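First residue of the sequence shown: 1, per this note's numbering; consecutive thereafter.
Be aware that a few hints might be false.
What the hints assert, rightly or not - Below, a list of computed lysine to aspartate or glutamate pairs in the DMTMM-like style, where the Cα atoms sit at most 20 Å apart:
hint : residue 1 : residue 2
1    : Lys338    : Asp184
2    : Lys335    : Asp184
3    : Lys59     : Glu154
4    : Lys335    : Asp294
5    : Lys85     : Asp136
6    : Lys295    : Asp309
7    : Lys178    : Asp168
8    : Lys297    : Glu314
9    : Lys72     : Glu58
10   : Lys189    : Asp309
It is worth saying that the hints were derived from the structure and are not from the lab. What you are looking at is a predicted structure, and each value in this text was computed from that prediction instead of being measured.
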Amino acid sequence: MKNVIPKIQVLLSLAVVLVLLSVGSVVFITSGDNWQFFVEDNTPWKPKSITTDLEGEEKASLIKYGYDVITKSPEIIGPLSEDAKKRFAGNMLSCQNCHLEAGTKPGSGSFVGVANRFPQFRGRENKEGTLLERIDGCMERSMNGHKMPHNSLEMQGVVAYMKWLSEDVPEEMEERYKGYVKVDIPNEKADLIRGKEVYTQHCLVCHGEDGQGQRPNENGMYLYPPLWGNNSFNHGAGMHRVITAAEFIKTNMPYLQADIDNQVLTDEEAYHVAAYINSFDRPQKGSPEVDFPDKKKKPVSTPYGPWADNFSAEQHKYGPFQPIMEFYLKEYGIKKTK
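All chains should be built: construct the whole structure from the sequences, respecting the hints.
Okay, structure coming up:
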């Protein structure tokens, strides 16, 4: 991310210059927009890994189970679970379909450092919420299911895994891994025709013309997840907001090609294809009108009402969003970015 580390710009007649910044016991190496964080023994810092870093952990088995829940969600807490009482998720998505690489990839709603940010105020509930309550929201929306009991082994495992990933994270790296990278949203209504063109060129090969993804058989987990339809996130999920989806797409798609430092799609392409994906039918969350008790806190791209303004449902879904943002700033003194 461009704003995480102060840049020292050195011009030396077309030569590439590496700038070393000593900060306590760590060193940053930066060249252009790419940089790396080194720890005391001069090895690159990286998130903890289940395969290499669990040895000696007091809660190793619980952490590993949480990792399994996140990577094999349909089999453990979803429709493929052998225990019907544990089918908390209502679709075939895995948690890591949104939180890529089991929540360790920056720019994809990473879990690295996430436990350190709770309790946290959230406008959707208009209150300070716990990490467990945040997971509840994902279960009810992204997973189109219902809450896991907070004392269940599955919930405790997921929390243990998130807390483990949040231990001893350097402040600068925690900021880098936080949430999504902002995109410059075009001041125009999203164009579904242009979105379809982007989808056809970059997304169809994995997710299919019908957006239903790929899996080996009807009893197997998806290799590439469905983007709409019954097995995708419901309309109350954050990913159903065009701006949020565009931010995720920009730094993560096409899969295995884009990352936080190198993107394939332009901001405009991410914006239009996000709208195209969200133009299709998907499960409907019950009682969406109770979300955001203070309607002024509702993101401008929330596609379902009611709102604290008179803009149309279509504009809230597809934009342009700038006039809505300007209204909230003028009318309520609230600066909105999404």
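Status of the hints after comparison with the structure:
1. For the proposed pair lysine 338 and aspartate 184, the alpha carbon gap of about 11 Å is at most 20 Å, so the pair holds.
2. With a C-alpha separation of about 16 Å, the suggested pairing of lysine 335 with aspartate 184 holds against the 20 Å cut-off.
3. Pair hint lysine 59 plus glutamate 154 holds up; C-alpha atoms about 14 Å apart against a cutoff of 20 Å.
4. A hinted pair counts as satisfied when its Cα atoms are at most 20 Å apart, and lysine 335 with aspartate 294 qualifies at roughly 15 Å.
5. Using a Cα cut-off of 20 Å, the hinted pair lysine 85 and aspartate 136 holds, with the two alpha carbons roughly 17 Å apart.
6. A distance of roughly 9 Å separates the Cα atoms of lysine 295 and aspartate 309; the hinted pair therefore holds under the 20 Å criterion.
7. For the hint pairing lysine 178 with aspartate 168, the CA-to-CA distance comes to about 15 Å; that is within 20 Å, so the pair holds.
8. Only pairs whose Cα atoms come within 20 Å are accepted, and lysine 297 paired with glutamate 314 is accepted, the gap being roughly 19 Å.
9. Distance check on the hinted pair: lysine 72 and glutamate 58 sit about 23 Å apart at the alpha-carbon level, beyond 20 Å; violated.
10. A hinted pair counts as satisfied when its Cα atoms are at most 20 Å apart, and lysine 189 with aspartate 309 qualifies at roughly 18 Å.
The structure fails hint 9 only (numbered hints given earlier).
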